[in-house]
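Q: Now for the letters of each chain:
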Amino acid sequence: MGITKRFGALVANDSISLELARGEVLALLGENGAGKSTLVSILFGHYVADEGTITAFGEPLAPGDPAAALAAGIGMVHQHFTLADNLTVLDNILIGTEPLWQPFSRRRAARAKVRETAARFGLAVETRRKVSELSVGERQRVEILKALYRGARALILDEPTAVLTPQESRDLFATLRQLVAEGLSIIFISHKLDEVLAVSDRIAVLRHGRLVALRAVAGATKAELAELMVGRKVVMPTRERGALGAPVLQVRGVHARDAHGGVLLDDVDVSVRSGEIVAIAGVAGNGQHALAQLLSGTLAPDRGTVELLGRRLSATPRDWVAARVARVPEDRHAIGVIGDLTVWENAISEHLRTAAFTRAGFVRRSASRMHANSIVHRFDVRLSGIDVPARSLSGGNMQKLILGRALSVGASATPTLIVADHPTWGLDIGALAYVHQCLLDAASAGAAVLLISEDLDEIFALADAIAVMFHGRLSEARPAKTWTLSEIGLAMAGGGEAGSDEVTRAA
Amino acid sequence: MRLEARAEVSRTLQVAAPFAAIAVTLVVCSLLVAWSGAPVGGAYRLLLEGAAGSTFAISETLTRATPLIITGLAVTVAFRAKLYNIGAEGQLYAGALAAVGVANAGLSLPTAVVFPLVVAAAMAAGALLLIGPALLKTRFHVDEVVTTLLLNFIALLFVSMMLDGPMKDPMAMGWPQSVAIPEELELGKLAERSRVHSGLLIALALAVVVWIVDRFTAFGFEMRAVGANARAAAFAGLPVQAVVLKTALLSGALAGLAGAIEVMGRAGYVTLDMSPGYGYSGIVIAMLAQLNPLGVVAAAIFVAGILVGADSMSRAIAVPTYIADVIVAASLIAMLVASMLARYRIRFK
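Chains as they are written, first to last, in the numbering used here: chain A, 72 to 578; chain B, 69 to 417.
Note that these hints are calculated values from the structure, not bench results.
Quick caveat, the model's predicted, so the values are computed rather than measured.
Treat the hints loosely; a few may be bogus.
[Said to hold, decoys possible] One side of the interface only, derived from the structure: several residues of chain A facing chain B at Cβ under 7 angstroms:
1) V392
2) D411
3) S420
Note that beta-carbon positions come from the ideal geometry of N, C-alpha and C, so glycine has one too.
Isolated chain B (complex conformation):
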């Protein structure tokens, strides 16, 4: 058995790859569902109903998709320039913490001024957390996968320290959670009796903006050029290091913004479990979307649907919610294989 590069990669195959990957994932994971003793068809039906079976289900999926779209975009821009930002999780928490900190700083300013300040602080915090690894990468060739990954733990422990210390809500009966943001800074709800908030619109707008930047601007050109071949980009006179640093700022800022929007739209305050791995899921989403900013929206909704659907499935029958993590992880692996098969053909001989 050997691999041969396809002479031309067809558009159809590239579009079909994520769907094929998801189909294969569901088939493989059905074995696990069957193993846990539940009927496979019934379990997947419950999962689908839980994700999209009612207005409420859809609203829950979209609520969950909101931070995922933004972290997915954060990872997409970074990976486009081959800056492997594994630290979106930490950047999200940094952003959330900064948002709450500025929101509760007691600034006697109108909301119209405080709101952008809160958002800017969150973006700056996320960007700040990624600029270090990016500088280490451009200056000393330190592997950013390691630094960004490990910074997640540092960021999370820092948040834990703040929530148990200076930023602890005295009214929280000893729970480690921050003081809530003032009500006027909360994002509006999009529908009655649901949790969908206007952060979803912001996320969708961001996807379009990132797509435009990537496709039509000189900076997007530089980002793609540096990602595709940094040596050739340098030879052509593109400022490779500056592009990597700018990309890091953009990616970190997006991840930080995801944290702020999650706080302002859903939670209201920071807890240590406010993100069930949105930053890490962002990596899966970016890969599923093949680093296409618009594809990120679809991939994020898919992942959110699996997470939400699995929750409701496990409430109805005895399949643990962990199946959601398995499905998401398996879909990433399947996607990597599928995108390889779109470029190569297997020959048996």
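So here's chain A without its partners, still in its complex pose:
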């Protein structure tokens, strides 16, 4: 009721009042930074509200105490799972539920109770297996089971589909419907409109910390929700397909292992032509990161060749930058920018030791700042000045800075190759549309684009050809229009090989 939360001058939640009814799925919809996570964190006791109170099942809920929230029957499934990999499913569920002075854990009774709970809600998981052996979807079921085991009657799911394949998402939705049918209440956080429409009963839209709309799902449309979420009409850029040029990037038979000998890339072949956008789909953790590193100059292949315009490049970022490869890394905070350095310093970091920015060992300050200003201007980076630390930029503006730095290479504005690893991850729709436009423009101007993404909407909106990655192996890239959604989902789960051969022959 009337929840307000401030962080300094920022009002993350501005007197939000919401009610969750028994047996319903309430979706919390909003862009990044709209205050969804803050709100549920207050609900679950991670934060304390500056104003307002929470009532759970008729009782006032003590603020700032997750244990109280658990006791009141509120369960939470975080976006990043809180499971111990080296323990079994049962142990993970039991952690924290047993009193410390009890000498032996009552496993038999606990196992029976877990099985009973699992059966009742249709959450099939083998309790003896180690969590490290489970798939992402199974892990999520364990998280849900954990909450239910503790007697949760209201369940909060924070972006639960972010890590799932389309099929796994569908399974999750079926589970959620079953939970609701059993009388549970669910808060479902998402910024994906299709999912929200598919699974929820009511939708609460947050924008800039305010509750801007609360409505039943019946009669709501995607366009309307998007507009509520962003606060204005959003026009998504569309692809105008041009002619493809000569091959720019050619990766042949690349193998790579990590420091412990685990396979990262297994016989990967891919080629991208000038003007072409090739998308790599796949569930997180199947080798996409290694592929992005390989094509950013930060990972050396054990076997195989990587050629740019017929020339082999060494595994040093400098070579790749010099060859005019625009690299957009997945983790913009940890890799993309150096947060403690200023915006202008980050704008030139890739080209520091070139004549343009260093003379006789000294940084050419005014030239550097001019370059930074031109990026800020051209790429519409919103900031209070180029002397602020890059850390202080919002995700969208940080990404624009990284894109701007990558795309403003040398005299020619068009890079030979763009390697974009999850370029729109966590961005709001406005920034997302902007990033898409940049990639499309670059492709039209003749750049080869390799896009790595888990967002299938994004892939279908941008890609000319799609390949799917699973366990370090990359399927053959096929024209985007020959793929169906369920086919991609199947391939993402590792079952696509046989099917894809057939379709290729048919096409």
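Put chain B on the given structure of chain A with help from the hints.
A: Only chain B this time, still in chain A's reference frame:
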């Protein structure tokens, strides 16, 4: 009670933090002074007079500050690049020993040639002592805190061995001390009847040079980038390992130079107690200065003043000189807390 990050860290708070830290330290340490039975106000007054109450007091403080400024700079450059050099003490001794060794090598060369050779030898010795830990860090991810810290003991024992053996002064009546450097290599005094020497000017010039390198050169950019986020720096194509190694050379060379200047300006020869922990104090000074090369000068003078003042205070009343070490150590802790509070606010709820 919980901590919340401040949306913006104000410049005022950052500047105020060291002063607040020092004030808190003096209040806390007054309890110890009172415990030892001395009047707190009187004791601190004596300390202040001993540090800055007369021309002589000021000259003593500045003499003490000279090596501290240089070790403070040595630590600052290393910490800037997140190379945690705890070994400035050992590097200082290595530098001092190398300086005396070259100075007494019997080179029949003009002083104008020998002097730079002596300085270069000291810097090379200090750098050499740090390059090993730096290589181990970049190649095998060996924690440099451990290696540099332990190398201090090795360096000190090596100095002890040399002073009792090959480099022992036969005229020292059995004391373990080295032969003195030739008189013409001594640094000139800045004032009559004081010990302040031109090493102070060198230290101040070095602070300015380090500040310029840090702020305006491409190497300074690389150092700060690697220190702030080595992975992002590597992604941007900066040569992270080379930067760490170059930083190690610079930091070790500065610490070695501190040893040479201490020998040439004050002591004249090497003894095992020539440095009452200048290398370790350099860490405190660098932190007090928030790794700002110009701030190092102020922080070094503060620490030197406490050390000198406490000496004279303990001569006048019954407060042990150890209070100086306590004040310096407490000021480091207070500074760490203060710089955290400048970035976070505490909320009671």
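Q: Of all the hints numbered above, which does this structure not satisfy? Sort the numbers upward.
A: none
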